[in-house]
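> Since the structure of chain A is already known, use the hints to place chain B with the ligands on it.
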Amino acid sequence: MNKQAEVIVIGGGVIGTSVAYYAAKAGKRVVLLDRGDIAAGTSGACDGFIIMQSKNPGPHLDLAMQSAALYRNLTDELEYDIEYMSCGGMIVAESEKQAQLLQGLIAKQKQAGLQVELLPIAQARRSEPLLAADLWGAAYCANDAQVNPIRLAQGFAQAARRLGAQIRPGVEVQALLVENGRVCGVKTGQGELRADYIVNATGVWAPALLSPFGIDLPIKPRRGQILVTEPLPPMLNHVLLCACYLIAKYHPEELDPTDRQHRLGVGLAVEQTAHGSLLVGSTREFAGFDRKTTLAGIEAVAQHARRILPALAKVNIIRTFAGLRPHTPDGLPILGPVAGLPGLIMAAGHEGDGIALAPITGQKVAEYLK
Amino acid sequence: MEGVKLTGALSADEQASVFPPNERAERGPVAVIECVQQIPCNPCEKACPFGAIEVGPDITNLPRLDLDKCRGCGLCLSKCPGLAIFLVDASKSATEALVMFPYEYLPLPAPDEIVDGVDRTGRFVAKARVVKVDTGAQREGTTIVTLAVPKQTMHDVRSMRLVAPGEVFLCRCCEVSETEVRQAVREGAKTVAAVKMRTRAGMGLCQGRTCRRLISRVIAEETGQSPADILPPTSRAPVRTLSLEALAGGDDNE
Ligand SMILES: Cc1cc2nc3c(=O)[nH]c(=O)nc-3n(C[C@H](O)[C@H](O)[C@H](O)COP(=O)(O)OP(=O)(O)OC[C@H]3O[C@@H](n4cnc5c(N)ncnc54)[C@H](O)[C@@H]3O)c2cc1C
Ligand code: SF4
Ligand code: SF4
Chain A
1 MNKQAEVIVI GGGVIGTSVA YYAAKAGKRV VLLDRGDIAA GTSGACDGFI
51 IMQSKNPGPH LDLAMQSAAL YRNLTDELEY DIEYMSCGGM IVAESEKQAQ
101 LLQGLIAKQK QAGLQVELLP IAQARRSEPL LAADLWGAAY CANDAQVNPI
151 RLAQGFAQAA RRLGAQIRPG VEVQALLVEN GRVCGVKTGQ GELRADYIVN
201 ATGVWAPALL SPFGIDLPIK PRRGQILVTE PLPPMLNHVL LCACYLIAKY
251 HPEELDPTDR QHRLGVGLAV EQTAHGSLLV GSTREFAGFD RKTTLAGIEA
301 VAQHARRILP ALAKVNIIRT FAGLRPHTPD GLPILGPVAG LPGLIMAAGH
351 EGDGIALAPI TGQKVAEYLK
Chain B
1001 MEGVKLTGAL SADEQASVFP PNERAERGPV AVIECVQQIP CNPCEKACPF
1051 GAIEVGPDIT NLPRLDLDKC RGCGLCLSKC PGLAIFLVDA SKSATEALVM
1101 FPYEYLPLPA PDEIVDGVDR TGRFVAKARV VKVDTGAQRE GTTIVTLAVP
1151 KQTMHDVRSM RLVAPGEVFL CRCCEVSETE VRQAVREGAK TVAAVKMRTR
1201 AGMGLCQGRT CRRLISRVIA EETGQSPADI LPPTSRAPVR TLSLEALAGG
1251 DDNE
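Residue numbers (the numbering used here), protein chains in the order written: chain A, 1 to 370; chain B, 1001 to 1254.
The following block holds chain B by itself, in its conformation from the complex:
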C-alpha cells in the first residue's frame, strides 16, 4: 500500500490529483498543492493575495487551486505549515524547469551550486542547479529554494541534498543528526516510532512531517527493507498546529 498516510509521500494517484496540467506550467509559474489529507488546516487560503486557494468554511476540506487566478507569486509556500505547497515553472526554457520548495535544513545551499534533486522520499532524481535561496523576511524562517531541474523531472523533484553533506540534522526541529539516527537503528530501533523514542527525532514543531521520510530512508538503508515497509509513527490530531483557544472553542475564537 502507498499513500501519504502510510509512507509520508504521495502515491502516484495522489500525485496525479494535485498536478496542474503541463500546459499550465508551460505558461508560467504555478503552485502545486500536495495536500491530500483532510486535516483541519487552512492558512494557505489566506496566504494567497489573489484568492487562488479555497478551503472553505469546513477547514478539513482539501484546498482547491484556481489555475487561472494563480500567478505563481510563491507567497503560499512558506505559509503552509505542512510544507505541502511547491511551485513549478516550465516557461523559462525548453529543457529545464524551475521547482521551488521550502527547505528547512542547514547548511543552506548557495546560488549556482550543483546539488542532488531528490523526490518526496528523499531518493535521488537528478542533478540540479540552485537558482535562488530566499531567506527573506516575509518567509518567517522558512527558506525557499529554487532549483533548475531537467523538465521531465519537474513533478518528481521536491527537495534537494547537498552533494558533500557535512553533519546534517535529519530532524531539524530537535537537532538530531543522521549519525544519531543511524546509531539508534543499529541499537534496535527498526520503526520510525522507535527512532523517535530514542532520539526525539520527529517530536518537534513539524511533528515528523519533514523528517519522517528521511528517517524511513535511513532505517531502510540500515536494515535493507524497502521504505514502504517501514511503519510510520502514529500521528494523532491536530496534525497541523492549532492554537489552544481554537481547540477550546468559545467566544474569543476567530
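Same shape as in the complex, but just chain A:
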C-alpha cells in the first residue's frame, strides 16, 4: 500500500490542529483525522484563557511563556480571527490565607521572568470594578490573554489546509497499525492509511489507542461545567480566576471535603467573549466520560460567581455545558515519542492548559517529525 502522507494527526482539537499546522508549515504532507469535527471534543467545550500566572514555575511556565509569544502574531499568521485579546488577567484572593499562597507563587514566577503584582482589593477594583469589595485582593499579570478555542482550532485547520494538509472530519481511527515493531499507519472506518509518523492528539481519548499494546497512559477525564450568560456590554476588563482554582488544581489535598463547592473543585474562571457572553466556570470532577452538566455543579459555580462578582446575580444564563480536561497526574502534557512504539508521537494530556499551550505544543511536536 502506498504512503498517502508523511504525518497522520489523530484528533482535531486545538492540539491536533496546531500540530497539523506547524508540521505542514515545516513542509510535511499531513493528514488530520477526527471522528467528529474540528473542535468536537474538549476544545469545543472549554474556556479560552491564555493564562501565565496559574502555571507552576519550571517547565510548565516556560512552555506557557513560549506559547504566549507565539500567540502574539498568530491571528496574522493564520489569517483568521481567533478572537485573541491581550486583556491581562487577575487571580482573586478571598482571604489573607489565599493571598499568602499567591505570594509564594509570585515570588517564584518573578524569578522565572513573569511580572505579577499582588493588589489589595481597593486597587484591584479600580481596574475591575465588579469585584466584591470584601475580597482580599487580586494578583495581576499583564501577560495573560484570551482566545476563542473553537476559532483557534478552525484557524489552525484552515491554515494547515492552505499549506496542503488534508483535513478529514468524520474519520474514526480504530487502531494503530504496527509492522516490524514500528507504528506505520492507522486503521479507520474508511480503510487503512499509512505514514512515517502518527501523532496521537486525541485528548482524553488518547489512552484507548495505546491500551492494546499494554501501555497505560495516565490521562483521565476531569469534567468542568460552565455557564454561559446572555451577550452583555463590555463589563469585565480581564480574565478572572480565583485562588481556589489554583488550590483545586495544584493542592486538592487542601480542599475541605465537607464543602460542596470544594468537593466539586469549583474555582472561579470568568471571561467575556468577543460576542459579549460571559463564560462562568467551572468544576473539576472525575466523572468518567460523562459530558452532562449537573444541577449540583452549575449551582456551585453560580454560587461562587455571585460571591466574587455580586453584580452578576441578575445576569441571565442562557446555556450550560461541560468539557473533559485531559488530566495527568503531574499536570503536564505527554509530548513526544513513546518508548517501545517508534513512529508514534504523543501530544495529549494538557489538562486545563491546552488552549494556552496549543501553539507551542504544535511547534515542539513538529520538531519530532524529522
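Any given hint could be a false lead.
[What the hints assert, rightly or not] The list that follows gives simulated cross-link-like pairs (lysine-lysine, DSBU-like), each with its CA atoms no further than 30 Å apart:
id : chain 1 : residue 1 : chain 2 : residue 2
1  : A       : K292      : B       : K1190
2  : B       : K1132     : B       : K1079
3  : B       : K1046     : A       : K314
The set of hints was computed from the structure by calculation and includes no laboratory data.
Owing to the predicted nature of the structure, the values given are computational and were not obtained by experimental measurement.
Quick look at chain B with the ligands alone, frame taken from chain A:
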C-alpha cells in the same frame, strides 16, 4: 421518531395535546401554548393579566391554559422566551383564520403584503396575507405578526417567509446568513451541531430555538436527507434563560 426533543417541532400527538378545540377558536381569539417540554420556565404564567395560564409552584410543570379565562389579548406571546405561544382566531370569517406569532427576523413584512405561511419546520403551507405587524413597546423587541390564512391551515401555519427573500439571517441572534450556513454544509458540516461550531448559528440568546429548524431544513436541502434525520444539537440546561442568582439559589431569590 418525532417530537420536539428530536426535531425541534411538535409531533402530531404533541400538537393535538395543545390545540384548543375548533369551537373555541370560532368564538374568538385564543392562545395556543405549544410548550411540551418540562423545562424550568414560567414567565407565561405572570404574563397573562386574566390568570388564564397556570404553571404552578413546580416551574417545570407544563403551562395549562384555561380556555374560558383566555380572552385572546395576545400579551403572553412576547413573554414566552421559547417563542412557544401563538394565537388563533377563527371568528372573523368563514374561510379565513387569523394566526399570530412572534417573528424574530429582519426584514419585517408590511401590512397587506402576501407572504408564504410556513409550518413549524419552515415548510411552505399556504399563501397568507399580513394583517398586522406589531413592534409595539410592550413587545420588548419581539415583533408579533398577524397573518390571515385559509381556515383549514390555522393549526399548521406558525411562521412566515417573505416571498422575495433578500439576505436573510437564519440565526438572528448571531447574524448568520442562509448563505453562510449553506457554505458550512458544503464544507462538510452535516449536523446542526457541526453548523453551529463553524458559524456560531444557534449559540445566541435563543439557543437555537428559532434557528435550529431552519438550519435543519438547509442541511436537508443541501444533502437530500429528510429534516427528521438530521441530528439536533445537544441541548443542555437551562434550556430557557434563568438568572445566575436563581441558579445559585439562596436568600435574595424570588
Ligand atoms: C471546562 C474547561 C475549561 C477549560 N479552560 C481552559 C482555559 O481557559 N485555558 C486553557 O488553556 N485550557 C482550558 N481547558 C483545557 C483545554 O480545553 C484542553 O486542554 C484542550 O482543549 C485539549 O485539546 P485536545 O486537542 O488535546 O483535545 P480535544 O479537543 O478533546 O481533541 C481531541 C479530538 O480527538 C478526536 N478523537 C478522539 N478519539 C479519536 C479517534 N479514535 N479517531 C479520530 N478522532 C478521535 C475527538 O473527536 C476530538 O475532537 C479547559 C477545559 C475544560 C473542560
Ligand atoms: S392571550 Fe391574553 S388572556 Fe389569553 S392567555 Fe394570553 S395573556 Fe392570557
Ligand atoms: S416556554 Fe413559554 S409557554 Fe412554555 S412555560 Fe415558558 S413561557 Fe410558558
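> Mind listing which of the numbered hints don't hold for this structure, in increasing order?
As far as the earlier hints go, not one is violated by this structure.
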